[in-house]
Amino acid sequence: MLKHPELTLARVERFLRNELQPRIWAHQIPLQAAVYHPESRLLPEEAPLQPYTPVEPGYTWGPIWSDAWFRFTGVIPPEWRGGSVCALIDCGAEAVIWVGSDPRQGIDEHHREYLVTESAQGGEEVTLYVQATGMNPYVSVDAKPIEPPPRPFTFRYANLALWDREVTALYFDMRVALEVLKELPENEPRRAQLLYALNAAVNAFAPEDRRSIARCRQIVAETYNKPACPSAHQISAIGHAHIDTAWLWPVERTQQKCIHTFATALRLMEMYPEYKFICSQAQQYAWVKELAPRLYERIQRKVREGQWEVAGSMWVEADCNITGGESLVRQILYGKRFWMQEFGVETVDLWLPDVFGYAASLPQILKKAGIHYFLTQKISWNQFNKFPHHTFLWQGIDGTRIFTHFPPADTYNGNMTPRELMYHVRNFKEHDRANRALYIYGYGDGGGGPTMQMLEYARRLRDVEGMPRVTLEFARDFFAKAEAEAKDLPLWVGELYLELHRGTYTTQARNKRHNRKSEFLLREAEFLACVRPDGLKSYPAEELERAWKLVLLNQFHDIIPGSSVNEVYRDSERDYAQVREIGERIVQESLRALGERINTEGMQMPVLV
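Take any residue in the sequence shown, note its place counting from 1, add 806, and you have its number in our numbering.
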């Protein structure tokens, strides 16, 4: 027994922080940096043709909502031959690395490293074109907005680095084992065994002897690699990025966030074949198809190969309180149609992790649309009452029931840490009748989704004594298994009310009025276009679909409730103006066609009502 375990814990922490972590990127050289500031949106394939100005780290740029294109150039040193080489980049804002018209990876505060080559030859020239996007870092949901300075962003560094993969593996072996033991009780034998092994690994490490890395890994593995107990809770884990279609930024910037995040997910799939990723909202995929078609083709391939799951069934993750019933049906109609046409996937779930409450009419609508499962975690944000279930049946106003799951980690931005996994297990309410729950991990809203660290943790947390058993799998596989295994599930009847965000029923009232007026107008336009004498031959299907999709877009759960920044509502005004123009024109054309066919012979002043 170690005499002072608290001192040993601190020793291991210092070893990881001061000895191993700096060695992961021990060898670095700076890249030459230059910048170009376009006056308007620049096509990525045009980026190499622009006049760039050399800059140094510390260079500031702006204003908010502007783009800065950086060009980084350098040469891989000959002595790095055979090694993995990465670029480490911080432009001061969310960014995307482009190769021609193909986005290769996002760069953000959680993803600073970009793998340039798995095995360098030495002497290769490296040129990277990086589009940095200046969001507004001075807007907050908790405080009054601050007027941003004209140049609020700072380019901090761009380096080539030799990636020491052996040290990386040892670092994560020891880091994960350390975090596991912290979750075990003080008197648990397993805790003492892990601490002893970690201390022995620190003793065995010799900085000048590369062979000591393998010895250290073996010492940790002999104690760590023991399976979870047979009755351990089963966690189905899937990588995720919840991207708000608009919120603290306008829709145009969301399009860039989608490209940024999707490219990052694909890049990590190349490095981690076991990695599975889920993202909902057909609207966002439609934007990527238009703006980055090569990226979109790679997503389609990963869907076919079984690494990428499209889900959610709706066009966007829509508000379910203010949105009309017909619109909810249209959300599902256009969402499910898109997934089938573009990916050949029939979605069977409604994925709404962040929506501000759920009307009691939803179970009936979902079941009639072929949707069998419903997921959210937003109700865990309740201000006063803790919701009593995680896996249950939700019954609507007509008696329809749907299998419903609230991920018990109480987040859709998980970090894949032992602490979060154990909170997930301890918080789960249905242990007596279900032994499986879903865990969703990854940074959203431009954070790029899961990180390399999360995936390294996931590799080491699959089947470990003292922890739940973790399986990386699709949400649809989780739903099927959970429904089959669960028994005698509790029942919740009626609305799923969120005790938070209450002002969203009234805030931005003009926007809410536009939504309701648009719903009425499009119903009238569709009806009159159907009954006009020339019938379906002249039915304006494409125009009506365009109008409906604008309405559906603006029913996103941060737009119509009123929780977005002012720029979003300026865009929304323009969208609703387009809807009015389309709808009113179709109504007038249909009435004119109807009137022309009415026999008014003998009438002195005919009036069509």
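Just so you know, these hints were derived from the structure itself, not from any lab.
It is possible that some hints are incorrect.
Stated by the list, open to error - Taking lysine-lysine pairs in the BS3-like style, the calculated list, with each CA pair at most 25 Å apart, reads:
#1 Lys1108 - Lys1095
#2 Lys1355 - Lys1343
#3 Lys1318 - Lys950
#4 Lys1323 - Lys1293
#5 Lys1293 - Lys1235
#6 Lys1095 - Lys809
#7 Lys1192 - Lys1355
#8 Lys1174 - Lys1032
#9 Lys988 - Lys1235
#10 Lys1355 - Lys1323
#11 Lys1174 - Lys988
#12 Lys1343 - Lys1173
#13 Lys1355 - Lys1173
#14 Lys1174 - Lys1235
#15 Lys1173 - Lys1293
#16 Lys1287 - Lys1318
#17 Lys1108 - Lys1318
#18 Lys1032 - Lys988
#19 Lys1095 - Lys1355
These figures come from a predicted structure and were not determined experimentally.
query: Holds or violated: Lys1355 with Lys1173, Cα cutoff 25 Å?
result: holds (23 Å)
query: Is the hinted pair Lys1095 and Lys1355 satisfied, with a Cα-Cα distance of at most 25 Å?
result: holds (16 Å)
query: Going straight from one Cα to the other, do Lys1174 and Lys1235 come out at no more than 25 Å?
result: Given pair Lys1174, Lys1235 is violated - Cα atoms ~29 Å apart, limit 25 Å.
- prompt: Within 25 Å, alpha carbon to alpha carbon, are Lys1343 and Lys1173?
  reply: violated (33 Å)
- prompt: Do the alpha carbons of Lys1095 and Lys809 lie within 25 Å of each other, as the hint requires?
  reply: violated (61 Å)
Agreement of Lys1173 and Lys1293 with the hint, judged by alpha carbon distance not exceeding 25 Å: Given that 25 Å is the threshold and the Cα spacing comes to 21 Å, the pair holds.
- prompt: Taken at face value, is the distance from the CA of Lys1095 to the CA of Lys1108 at most 25 Å?
  reply: Since the Cα atoms of Lys1108 and Lys1095 sit roughly 15 Å apart, the hinted pair holds (cutoff 25 Å).
- prompt: CA of Lys1355 to CA of Lys1343, is that 25 Å or under?
  reply: holds (22 Å)
task: Assess, step by step, whether the Cα of Lys1355 is no farther than 25 Å from the Cα of Lys1323, and give holds or violated.
output: It holds: about 15 Å lies between the C-alpha atoms, which stays within 25 Å.
- request: Mind checking the alpha carbons of Lys1323 and Lys1293 for me, to see if they're no more than 25 Å apart?
  value: Violated. Lys1323 to Lys1293 sits at ~45 Å, over the 25 Å cutoff.
- prompt: Taking 25 Å as the top limit, are the C-alpha atoms of Lys1287 and Lys1318 close enough?
  reply: violated (40 Å)
- request: Take a quick look at whether Lys988 and Lys1235 sit within 25 Å of each other, Cα to Cα.
  value: holds (23 Å)
Checked against the numbered hints listed earlier, the structure breaks hints 4, 6, 7, 8, 11, 12, 14, 16, 17; every other hint is satisfied.
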